[in-house]
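Visitor: Same order as they appear, the protein sequences are chains A and B.
With this note's numbering, letter number 325 in the first sequence gets 325, and the count goes up by one each step, no holes.
With this note's numbering, letter number 217 in the second sequence gets 217, and the count goes up by one each step, no holes.
There may be inaccurate statements among the hints.
A pair holds if it fits inside one copy or across any two, identical chains being indistinguishable in the list.
Simulated crosslink set (DMTMM-like; lysine to aspartate or glutamate; CA at most 25 Å straight-line) [stated by the list, open to error]:
1) Lys19 with Glu98
2) Lys86 with Asp159
3) Lys293 with Asp340
4) Lys81 with Glu387
5) Lys19 with Asp6
6) Lys58 with Asp45
7) Lys58 with Glu294
8) Lys67 with Glu22
9) Lys63 with Glu294
10) Lys67 with Glu29
11) Lys390 with Asp5
12) Lys202 with Asp340
13) Lys200 with Asp5
14) Lys19 with Asp301
15) Lys164 with Asp5
16) Lys318 with Asp159
17) Lys67 with Glu294
18) Lys261 with Asp6
19) Lys293 with Glu47
20) Lys8 with Glu144
21) Lys81 with Glu98
22) Lys67 with Asp38
23) Lys28 with Asp159
24) Lys81 with Asp222
25) Lys168 with Asp6
26) Lys63 with Glu162
27) Lys318 with Glu29
28) Lys261 with Asp5
I should point out that these hints are in silico values taken from the structure, not numbers from a laboratory.
From a predicted model like this one, the values you see are computed outputs, not experimental measurements.
Number of protein chains: 2
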Amino acid sequence: MPVADDIKSMIQNASFIRKMFETGARLKEKFGQENVLDFTLGNPDLEPPKKFQITLRKIVNQKIPLKHGYISNAGLTETRKVVAEKVSCEQHIKISFENIIMTCGAGGGLNVVFKTILNRGDNVIINAPYFVEYGFYINNHGGEISIVNTKSDFNLDIDAIEKKINHKTCAILINSPNNPTGKVYPQTTIKKLCNMLKEKSKKINRAIYLVSDEPYRKIVYDNIKVPSIFEFYSNSIIVTSFSKDLSIPGERLGYIAVHPKADDLRNLIDGMILCNRILGFVNAPVLMQRVIKEIPDACVDIKRYQRRRDLLCSNLKKIGYNFILPEGAFYLFPKAPNGDDIEFVNILREKLVLAVPGTGFGCSGYFRLAYCVPENTIKRAMPILEEVIKKFKK
Amino acid sequence: MPVADDIKSMIQNASFIRKMFETGARLKEKFGQENVLDFTLGNPDLEPPKKFQITLRKIVNQKIPLKHGYISNAGLTETRKVVAEKVSCEQHIKISFENIIMTCGAGGGLNVVFKTILNRGDNVIINAPYFVEYGFYINNHGGEISIVNTKSDFNLDIDAIEKKINHKTCAILINSPNNPTGKVYPQTTIKKLCNMLKEKSKKINRAIYLVSDEPYRKIVYDNIKVPSIFEFYSNSIIVTSFSKDLSIPGERLGYIAVHPKADDLRNLIDGMILCNRILGFVNAPVLMQRVIKEIPDACVDIKRYQRRRDLLCSNLKKIGYNFILPEGAFYLFPKAPNGDDIEFVNILREKLVLAVPGTGFGCSGYFRLAYCVPENTIKRAMPILEEVIKKFKK
C-alpha cells in the first residue's frame with residue numbers, strides 16, 4: 001500500500017477531470033495553442049496592476065534586514081494592519097490587526113480554518129454549484145460536506161440550509177461573487193441567512209460559523225456591492241486572497257479575517273495561527289506580504305472583465321443560450337442546451353472549444369465558461385457555440 | 001465548541017514554548033534588543049547570496065507572460081528539471097523532472113508526503129531528539145509517531161528502530177544534518193538502515209518509506225559529505241527546501257524528490273501532486289521558482305557558519321560544557337550541566353541568554369543553541385555561560 005487508500009480513490013475520481021485537461025493539452029499540441037479556445041481555467045490573464053509591479057521592484061531593490069527570513073506565523077504586523085483597515089472598510093466594523101492572519105492564498109486559508117474548527121465527523125454545509133476543492137478542504141480535516149442546492153437564480157436557499165443543519169453542523173461555507181455562477185448574494189439574503197444562523201445556533205447550542213470565501217469581492221459589475229458579512233453575524237470568518245485583485249494567483253497570498261466578537265476569539269485565532277504553522281505553510285510568502293503592505297487596495301482593471309462578460313453574454317443570449325447574468329467573478333454558468341453537460345462539453349471539445357461540465361461543480365445540466373481570456377477568444381468561439389446549439393434546437 | 005478539541009489541547013500544550021518566547025520578547029523590550037543574547041531561533045541571519053539577489057532583480061524586471069499566474073501543481077517544468085539535475089548529482093542516480101514536486105518549503109513538503117502515504121492509524125518512526133513539528137505533520141494526516149532514541153553520539157540506533165517496526169509502520173523519518181544535534185549520519189549507518197528496511201519490508205509485506213528531511217544538506221563542516229539515500233533504498237523520498245541554502249525561509253520554497261524505482265511510482269507522485277493542491281498550497285510560490293530555475297546551486301557562505309561553530313564549540317569546551325561536535329546545520333545540543341534542561345534554560349534566561357530546553361525536542365537533559373547569530377553574540381554569551389556552569393561544578 002504505497003499510497004493511502006483515500007488518496008488512491010481521489011486520484012481515480014480525479015481522472016475524469018484530468019482526462020479532460022489532458023485531451024485539451026493534446027488538442028493544443030495537435031492543432032496549435034492558438035486554435036484551441038480554452039474557457040476552462042480561472043487563471044486571470046490580465047497583467048498585475050502597474051502599482052504592484054512598481055512596488056515589487058522597489059522592495060526587491062531595498063535594503064531590508066532579513067527581507068526573505070522567517071516572520072511570525074500570523075504574518076507581518078504592518079501588513080496585517082493595512083489589511084485590517086481594508087477589511088474594516090469593506091465590512092463596516094472596526095477590525096484589529098490581531099484578527100487578521102496572512103495565508104498561502106484562500107485555499108491555504110480555508111484549510112487553516114477547517115483544521116481549526118472541525119472535530120471529526122462534523123459537517124459543513126456548502127451550496128451547489130460549488131468550487132470542487134471545498135470538498136477536499138473539509139474532508140482533509142475530518143469534516144463531511146453537506147450539500148444544499150441553490151435556487152434557480154443561484155441565490156442561497158435559506159430554508160433548505162436551515163433544514164440541513166443538525167447538531168454536527170460546524171459551519172456553512174458561502175462564496176460570493178460565486179464560482180462557477182458569478183452570483184453575488186444580496187444583502188437581504190445575507191441578513192436572512194445570519195438571522196437563521198443565530199436562531200439555529202441557540203437551538204443546537206453550538207456556534208455555527210459562517211465562512212465566507214470571497215476572492216472575487218472586487219471583481220463585480222454594474223456598480224454592484226458585495227454586502228458585509230461581519231455586520232450581521234459575529235461567528236463569521238472571511239477567507240480571501242490577492243490572487244484575482246492583483247492577478248498573482250501563483251504567488252499564494254491571502255488572508256483570514258475573524259470577526260472581533262466571535263465566540264472564544266483568542267483560542268480561535270491562536271488555533272488558526274497554530275494550524276497555519278503545523279500544516280506546513282509556516283508563514284505566507286514574505287516578499288509578497290511586503291508588497292501588499294504598501295498597496296492593499298491596488299486592483300486590476302475590472303472594466304476589462306466587464307467588457308468580456310458583456311461581449312460573451314450579449315452574444316450567447318442572441319444565439320439562444322440560457323443563463324443567469326453573472327454579477328461578479330469571471331465565470332458564466334449556462335444551461336447545457338441538450339440537458340447533458342458532459343456530452344455537451346464533449347461536443348464543444350470536438351470543435352476545439354474547451355469548457356467544464358457542471359457535474360464538476362456538483363450541478364449537472366450546466367457548463368462553465370471562464371472568461372478571463374482575450375476578447376478575441378470569445379469572438380472566435382461564438383460561431384462554434386452557435387453552430388452547436390442549432391443542432392439541439394431543431 | 002468554537003475550536004476543535006485537538007487544536008485546543010495543542011494550544012494549551014504549546015503554551016510552555018510560547019511563554020518562553022513571550023518572556024524573551026518581554027526581556028528584549030525591558031533590557032533592549034541588543035542586551036538579550038538570543039540563541040533560540042533557526043532563522044538564518046546571513047543575507048541571501050548575491051546571485052540570488054541579482055537573479056531576483058532580473059526576473060522582476062523581465063517581461064514574462066503570466067509571470068505571477070497559476071502554474072502546474074507540481075511546479076514549473078523548467079525548475080523541476082534543474083532541481084532534478086541537482087538531485088541526480090547529490091544522489092548519484094539519474095532523476096527525471098517528473099519525480100520532483102516543488103513545495104511550500106520542507107514543512108509543506110512533509111505534510112504533502114504524509115497526507116499521501118498515511119492511512120489512519122499508521123505509524124511513522126522518528127528519532128529523538130527531533131524537530132518538534134514532525135509530530136504535528138504526522139498527526140495532521142491520521143498518523144501516529146513512534147519515537148526511537150538515538151545513540152549517545154546522536155547516531156541512529158538501527159537495532160532499536162528495527163524493534164519498533166510493526167505492521168502499522170508506514171515510514172521512518174530521518175533528518176541529517178540534524179536539528180537539534182548537528183549530527184550527519186554516516187554512509188555506513190545509512191546503508192545499515194536501508195538493508196534493515198529492505199528485510200523488514202519483506203517481512204511485514206508492505207513498503208516502509210524512508211523519508212529524509214534534509215534542508216541542511218549543504219550546511220556541513222570540515223569537508224564532510226552527506227551520503228546519498230537513493231543509492232541504497234528505492235522506497236525513499238527526499239524532502240528539503242532552499243530556506244537555509246539561500247537564507248530565504250520566509251519565501252517558502254522547497255521540493256520533494258521521489259526515488260525513480262519507488263513502488264507504485266505513478267500513484268505516489270500523482271498522490272503528492274493532488275495533495276499539494278488540496279491541502280491549499282496549490283503550487284509553490286511561482287516567482288521564487290523562476291529564480292531557482294537559474295541558480296539551483298547558489299548557496300550562502302558556509303564558512304561563516306563554520307567560524308561560528310568553531311568559536312562557540314572551542315569556547316564551550318574550554319569552560320567545561322559537554323557536547324558532540326556538530327558536523328552540519330547551525331545547532332549545538334550540549335548537556336545541561338545540572339541535568340535539568342528546563343531549570344538550566346531558566347537560569348540562562350535570567351542572565352539574558354536565551355536557549356531552548358531539550359525537552360522541546362523530546363530529549364530532556366540537553367539544551368539547544370542556534371548559532372545562526374552574529375559572532376559577537378556568541379562572544380558576549382561566553383562569560384555568562386561560564387559563570388553559570390561554575391555554579392554546578394562546585
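Visitor: Confirm or reject each hint.
Guide: Hint check results:
For the identical chains of this complex, Lys19 and Glu98 are inter-copy neighbours only, at 18 Å across copies versus 44 Å inside a copy, given an alpha-carbon limit of 25 Å. In this assembly of identical chains, the alpha carbons of Lys86 and Asp159 never lie at most 25 Å apart, being 33 Å within a copy and 58 Å across copies at closest. Taking CA atoms no more than 25 Å apart as the test, Lys293 paired with Asp340 passes in neither setting, with 47 Å inside one copy and 44 Å between copies. In this assembly of identical chains, the alpha carbons of Lys81 and Glu387 never lie at most 25 Å apart, being 53 Å within a copy and 43 Å across copies at closest.
Taking the shortest alpha-carbon separations for Lys19 and Asp6, only the intra-copy value of 20 Å comes in at or below 25 Å, while the best inter-copy value is 39 Å. In this assembly of identical chains, the alpha carbons of Lys58 and Asp45 lie at most 25 Å apart whether taken from the same copy (24 Å) or from different copies (22 Å). For the homomeric pair Lys58 and Glu294, the shortest alpha-carbon distances inside one copy (11 Å) and between copies (22 Å) are both at most 25 Å. Proximity of Lys67 and Glu22 under a CA criterion of 25 Å is satisfied inter-copy only: 23 Å between copies versus 40 Å inside one chain copy.
Within a single copy, Lys63 and Glu294 get their C-alpha atoms as close as 16 Å, and across copies as close as 23 Å, so both meet the 25 Å cut-off. In this assembly of identical chains, Lys67 and Glu29 lie within 25 Å of each other by CA distance solely across copies; the values are 22 Å between and 42 Å within a copy. Proximity of Lys390 to Asp5 under the C-alpha cut-off of 25 Å is found in neither arrangement, the shortest distances being 45 Å within a copy and 57 Å between copies. Taking the shortest alpha-carbon separations for Lys202 and Asp340, neither the intra-copy value of 43 Å nor the inter-copy value of 50 Å comes in at or below 25 Å.
For the homomeric pair Lys200 and Asp5, the shortest alpha-carbon distance between copies (22 Å) is at most 25 Å, but the shortest distance inside one copy (36 Å) is not. For a Cα distance limit of 25 Å, the shortest separation of Lys19 from Asp301 qualifies neither inside one copy, at 34 Å, nor across copies, at 47 Å. Taking the shortest Cα distances, Lys164 and Asp5 sit within 25 Å of each other only across copies (24 Å), while inside one copy they are farther apart (29 Å). Taking CA atoms no more than 25 Å apart as the test, Lys318 paired with Asp159 passes in neither setting, with 35 Å inside one copy and 76 Å between copies.
Taking identical chains as interchangeable, the C-alpha atoms of Lys67 and Glu294 lie at most 25 Å apart whether they share a chain (15 Å) or sit on different chains (20 Å). Taking CA atoms no more than 25 Å apart as the test, Lys261 paired with Asp6 passes between copies only; the shortest distance there is 23 Å, against 37 Å inside one copy. For the homomeric pair Lys293 and Glu47, the shortest alpha-carbon distances inside one copy (20 Å) and between copies (22 Å) are both at most 25 Å. For the homomeric pair Lys8 and Glu144, the shortest alpha-carbon distances inside one copy (19 Å) and between copies (20 Å) are both at most 25 Å.
Taking CA atoms no more than 25 Å apart as the test, Lys81 paired with Glu98 passes inside one copy only; the shortest distance there is 8 Å, against 41 Å between copies. Taking the shortest Cα distances, Lys67 and Asp38 sit within 25 Å of each other only across copies (19 Å), while inside one copy they are farther apart (39 Å). Proximity of Lys28 to Asp159 under the C-alpha cut-off of 25 Å is found in neither arrangement, the shortest distances being 46 Å within a copy and 55 Å between copies. In this assembly of identical chains, Lys81 and Asp222 lie within 25 Å of each other by CA distance neither inside one copy nor across copies; the values are 31 Å within and 46 Å between.
For a Cα distance limit of 25 Å, the shortest separation of Lys168 from Asp6 qualifies both inside one copy, at 22 Å, and across copies, at 17 Å. For the identical chains of this complex, Lys63 and Glu162 are neighbours neither inside a copy (55 Å) nor across copies (51 Å), given an alpha-carbon limit of 25 Å. In this assembly of identical chains, Lys318 and Glu29 lie within 25 Å of each other by CA distance neither inside one copy nor across copies; the values are 32 Å within and 68 Å between. Taking the closest pair of Cα atoms, Lys261 and Asp5 come within 25 Å of each other only across two copies (21 Å); inside a single copy the shortest separation is 41 Å, beyond that limit.
Checked against the numbered hints listed earlier, the structure breaks hints 2, 3, 4, 11, 12, 14, 16, 23, 24, 26 and 27; every other hint is satisfied.
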